[in-house]
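Student: Given next are the chains, with one letter for each unit.
2 protein chains.
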Amino acid sequence: MATKRLSLVVSHRAVLVRPRRRFVSAMATQKPNSGPDFSKNGGLVAAIAQDAATGEVLMMAYMNAEAYAETLATGQAVYFSRSRNRLWRKGEESGHVQRVREVYVDCDGDAVLLKVEQVGGAACHTGFRTCFFRQVTPEGLKVVGQRVFNPEEVYRRGPSSPT
Amino acid sequence: MATKRLSLVVSHRAVLVRPRRRFVSAMATQKPNSGPDFSKNGGLVAAIAQDAATGEVLMMAYMNAEAYAETLATGQAVYFSRSRNRLWRKGEESGHVQRVREVYVDCDGDAVLLKVEQVGGAACHTGFRTCFFRQVTPEGLKVVGQRVFNPEEVYRRGPSSPT
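Residue numbers (this note's numbering), protein chains in the order written: chain A, 1 to 163; chain B, 164 to 326.
Keep in mind that a hint or two might mislead.
Only pairs whose alpha carbons sit at most 20 Å apart, straight line, appear in this in silico SDA-like list of lysine to any residue [stated by the list, open to error]:
#1 Lys-142/A with Arg-264/B
#2 Lys-203/B with Asp-108/A
#3 Lys-142/A with Pro-301/B
#4 Lys-305/B with Asp-37/A
#5 Lys-40/A with Ser-246/B
#6 Lys-40/A with Asn-64/A
#7 Lys-203/B with Arg-264/B
#8 Lys-203/B with Arg-82/A
#9 Lys-40/A with Arg-264/B
#10 Lys-142/A with Asp-200/B
#11 Lys-40/A with Thr-137/A
#12 Lys-203/B with Asn-227/B
Calculated from the structure, these hints are not laboratory results.
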């Protein structure tokens with residue numbers, strides 16, 4: 001598969017202070033059918049984050065149109081938290097942001113795939129590299145993932161799943 | 164990440180004729196909290212299929228409890244088609260089944276990751292290797308994926324997205 005890099009990369013500081021104009025204007029000039037289809041499923045599309053370097057699937061969440069637009073504009077992953085009913089800027093509390101390298105849209109437009117650089121080395125709020133750290137075995141679920149941080153030390157209000 | 168292989172592999176013929184008893188009984192003896200949580204989201208969990216050999220994310224769909232149980236029992240991916248409102252045995256028409264090598268459950272139990280061998284080389288009903296064959300660029304969506312088959316030749320009734 002071709003992996004031409006989308007020049008979405010901006011520094012953490014730049015993202016928080018001011019999104020780069022180029023990506024905002026690129027979004028604004030896109031045709032209506034040039035992105036995901038937010039007209040179904042309550043305005044949400046599924047969003048899969050995959051480690052751009054290792055190919056590991058890190059997490060799965062949802063985006064609304066605003067989250068998707070902000071992701072493209074800033075180059076950092078923004079999801080929509082169904083449990084909190086608001087935008088969820090990944091890493092907003094932990095600092096473990098996801099720098100988005102490439103974005104793909106699936107055949108029917110209801111899912112996107114983000115290839116990301118995971119700052120801090122762990123995508124999961126439990127401290128594991130990936131949210132998919134439990135494998136199904138005939139004996140039940142077995143933890144096979146690698147724990148990178150202690151969530152009690154990272155989250156002031158304790159970890160909770162925002163998906 | 165550890166990649167201990169789940170011995171889920173069965174031949175195509177064996178699956179269609181009779182699921183191997185060992186996996187059915189393994190499911191039956193699992194504890195209630197040893198798998199995905201089907202109590203939320205209308206009984207559905209998100210299911211991501213990833214190529215076990217290349218790491219490529221192939222598709223994203225949904226499973227209900229019955230689809231998940233049948234997937235484990237047969238070793239072939241079974242989803243729940245929201246548009247058709249019934250079980251969707253991947254490859255039932257095209258023959259392009261997914262042989263499931265490993266299954267992972269995410270932190271809050273509302274998504275599963277399948278590592279699969281994609282028979283026929285293409286997961287997407289459009290004939291592309293992956294459903295994520297369109298990349299977002301500043302100029303709009305660009306087809307970057309590899310087309311493996313012509314859907315008009317594979318589907319008798321024409322291709323349609325079952326997700």
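Student: Indicate, hint by hint, whether the structure satisfies it.
Tutor: A quick look at each hint next to the structure:
no. : hint                     : in the structure
1   : Lys-142/A with Arg-264/B : holds (15 Å)
2   : Lys-203/B with Asp-108/A : violated (24 Å)
3   : Lys-142/A with Pro-301/B : violated (42 Å)
4   : Lys-305/B with Asp-37/A  : holds (16 Å)
5   : Lys-40/A with Ser-246/B  : holds (12 Å)
6   : Lys-40/A with Asn-64/A   : holds (11 Å)
7   : Lys-203/B with Arg-264/B : violated (26 Å)
8   : Lys-203/B with Arg-82/A  : holds (12 Å)
9   : Lys-40/A with Arg-264/B  : violated (32 Å)
10  : Lys-142/A with Asp-200/B : holds (16 Å)
11  : Lys-40/A with Thr-137/A  : violated (35 Å)
12  : Lys-203/B with Asn-227/B : holds (11 Å)
Violated hints, in rising order: 2, 3, 7, 9 and 11; the structure is consistent with all others.
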